[in-house]
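Q: Here the protein sequences line up with chains A and B, keeping their order.
Under my numbering, the first residue of the first sequence carries the number 13, and numbering increases by one thereafter.
Under my numbering, the first residue of the second sequence carries the number 2, and numbering increases by one thereafter.
It is possible that part of the hints are untrue.
[Stated by the list, open to error] Some chain B residues judged to face chain A by a derived CB distance under 7 angstroms, without partners named: (1) 41; (2) 48; (3) 49; (4) 82; (5) 99; (6) 101; (7) 109; (8) 112.
[As the list claims (entries may be wrong)] Across the chosen pairs, the derived CB separations fall in these ranges: (9) B/81 / A/502: 26 to 32 angstroms; (10) A/284 / B/105: 48 to 54 angstroms; (11) A/212 / B/63: 41 to 47 angstroms; (12) A/412 / B/8: 52 to 58 angstroms.
No lab work stands behind these hints, which were simulated from the structure alone.
Given the structure is predicted, the values throughout are model-derived calculations rather than measurements.
A virtual CB, placed ideally from N, CA and C, is assigned to each residue, including glycine.
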Amino acid sequence: MSDPLWLVPLPVVVPLLAAGLTLALYRKPRAQRTISVVALSIVLAVSATLLVLTDSGPLVIDVGGWAAPVGIDLVADRLSALMLTVSSAVTLCVLLYSLAQGEADGDEAAPVSIYHPTYLVLVAGVANAFLSGDLFNLYVGFEILLAASYVLLTLGGTGERIRAGSIYVVVALLSSVLFLVAIALVYASTGTVNLAQLAVRLPQIDPDVRLLLQVMLLLAFGIKAAIFPLSAWLPDSYPTAPAPVTAVFAGLLTKVGVYAIIRTQTLLFPDGRLDDVLMWAALATMVVGILGAVAQDDIKRLLSFTLVSHIGFMIFGIALSTHLGWTASIYYVVHHITVQTALFLVAGLIERWGGTTSLDRLGGLAKLAPVLAILFFVPAMNLAGVPPMSGFLGKVGLLQAGVAVGTPLATALVVGSVLTSLLTLYALIKAWNKAFWQTPPAELPATRIPFGMVGPTAALVAFGLALTVFAGPLYAYTGRAATALQERTPYIDAVLPDGLRGEGVSADLAEVHP
Amino acid sequence: MIDMSPNLVLVVVIAALFTVGVYLLLERSLSRVLVGVILLGNGANLLFLVAGGAAGRPPILGQAAVEDMSDPLPQAMVLTAIVITLGMTAFLLAMAYRSWQLHGHDEVQDDVEDRRIARLAARDERAFLDTDTEESMASLDEEAAETRDETGEPVPVAPDGGATP
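Make the full structure from the sequences, and use the hints.
A: If you want it as structure tokens, here you go:
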């Protein structure tokens, strides 16, 4: 096999190129669709290849040929390759779903000519965030995906979307400014923004300054990941967007924040001084989020609140700072991306069928659409963590890790997560009963749902189930990813091989990698 | 050795920009929020210049001795950040205009969940019964479109007198 390094930037470059092409071909919807599907398929194939390749060590490429601490690096290690693979699988499914929806609606409802480019830019931004090897490039990745998300959220510019969008945009902008300030302070105190070099230099600076930097970064990422005190913006803004957009937001955007937290906590701040704070935040996120979900009477809003609540599980795993905790946390992220996206897609199908997502007005769907009932039931049970599904396996992993740590706070979190799972089960069962079994208050308009929309949803549900079947290998992989995070040296060595590129001298890539 | 001590004037300017920016961000009108975001963004950009140490010769190789040069990296980052802020400003401007087009004002509206909870609390009813949508037969989305400012109008009271007037 020849040098595989050229694969690393492809998940960013391919969607960006495709975005340009689709923008140029805005008059030809069919060509747009073909380009988007092909581009995302390529990204999926590349990510899967990277998943296999990075298992033997991180792959690093210097963008523009400038050496590591000065230039921009793209780094693919086990964690980022795994996140890339899951995210590209999910984005491809959602794209197919939205194509079928667009065909069924006759492309009149939304200005589709900008939908494809924006969606592709979003995918590129997510990939850039997963791959970036320095803080500033991470910021750029965030901005790319956020800018695309602003457009997608306010697609069509209806009053309701503008209302939800303005809150979302302002909160996101504020978090971006916070992140930018954090980067400036990091540069002022260490003289670098390269993650690998930061990992070396941060232990050398004043611990109090380090703590300040950690708090700033956690605040910025916490807003994006919707951790409790910073999560109020989410349940309001997501449900107003079109169903596929909400699905991809719920699946991916918060997880990019979680990814950034995992990356910075393990690589830059391994001393874990804020672990207790994170645990409190995780507990509050879980409990407050799920209580919000219980109080909802609208499926989309209910799902948004469960999304917030289940972010807490991942933060719990990260805050434990043990190998077991990270393993379970990464597994849980993978599971949650799949399941939450599937649930929002099903909510879109329910809305199509019943004309509403309000649980007071829905009813009797089980008879009308038995397939829909199954499609909702399976991921709902998976999210609640009913054995033997992947949600259960992820939660058991987290509980084990929590019990292994055994401090009073960790034990409280174990109890809290069990409680949250039960409440999730209650909320989702309530939704299921109301939507599918109660006698409908009014006759529901019978509509035909195109197969193109059911197909991708079913594929995602099946993907969620496959996470259960292949839980063994996947858990082993996330375990190896956690090991790599814990050891830190493979990552640092890959980015800064001694004497070769560690000095920041520009080197021709051809010389470094003959 | 490069002089790393930052410029005090810059620091003061940054503090002023952040103060005014945060104040404007707390306003209800989107266009004021926009100005606040611009000021905050510029404050962050200046912070990068401070992070790069004191000013020196141009950060271009060959123009001056390496010791006298400014640090080029923060300048490159500021350039990127400025471009991003420009894009976001354009988007916010478009959104404020659209909001004005739709509603005749560009105010950031109340959080729907806050409104809902405030109403339920005023009626002293439990949330899961959700009688407010039953009564009005309006969906949350429709209600959200109506609700705007809780300072101007009183919280509606249930006809059965469940709440204190």
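Q: Give a verdict on every hint.
A: Structure-based check of all given hints:
Hint status for residue 41 of chain B: holds, given a least beta-carbon distance of 5 angstroms to chain A, under 7 angstroms. Because the smallest distance between the Cβ of residue 48 of chain B and any Cβ of chain A comes to about 4 angstroms, under 7 angstroms, the interface hint for this residue holds. Evaluation of the residue 49 of chain B hint against chain A yields a held restraint, the C-beta minimum of about 5 angstroms falling below 7 angstroms. Taken as an interface hint, residue 82 of chain B checks out: its beta carbon lies about 6 angstroms from the nearest beta carbon of chain A, inside 7 angstroms.
The interface hint given for residue 99 of chain B holds, since its Cβ lies 5 angstroms from the closest Cβ of chain A, which is under the 7 angstroms cut-off. Interface restraint check: residue 101 of chain B against chain A, minimum CB-CB distance 10 angstroms, threshold 7 angstroms, status violated. A least Cβ separation of about 5 angstroms between residue 109 of chain B and chain A falls short of the 7 angstroms threshold, and the interface hint therefore holds. Residue-level restraint check for residue 112 of chain B holds (minimum Cβ-Cβ distance to chain A is 6 angstroms; threshold 7 angstroms).
Between residue 81 of chain B and residue 502 of chain A the beta carbon distance is about 29 angstroms. The supplied range of 26 to 32 angstroms therefore holds. For residue 284 of chain A and residue 105 of chain B, the Cβ-Cβ distance of about 52 angstroms falls inside the hinted range of 48 to 54 angstroms, so the restraint holds. Distance hint for residue 212 of chain A and residue 63 of chain B: a CB-CB separation of about 30 angstroms, inconsistent with the stated range 41 to 47 angstroms. Here the CB-CB span from residue 412 of chain A to residue 8 of chain B is close to 54 angstroms, well matched to the stated 52 to 58 angstroms.
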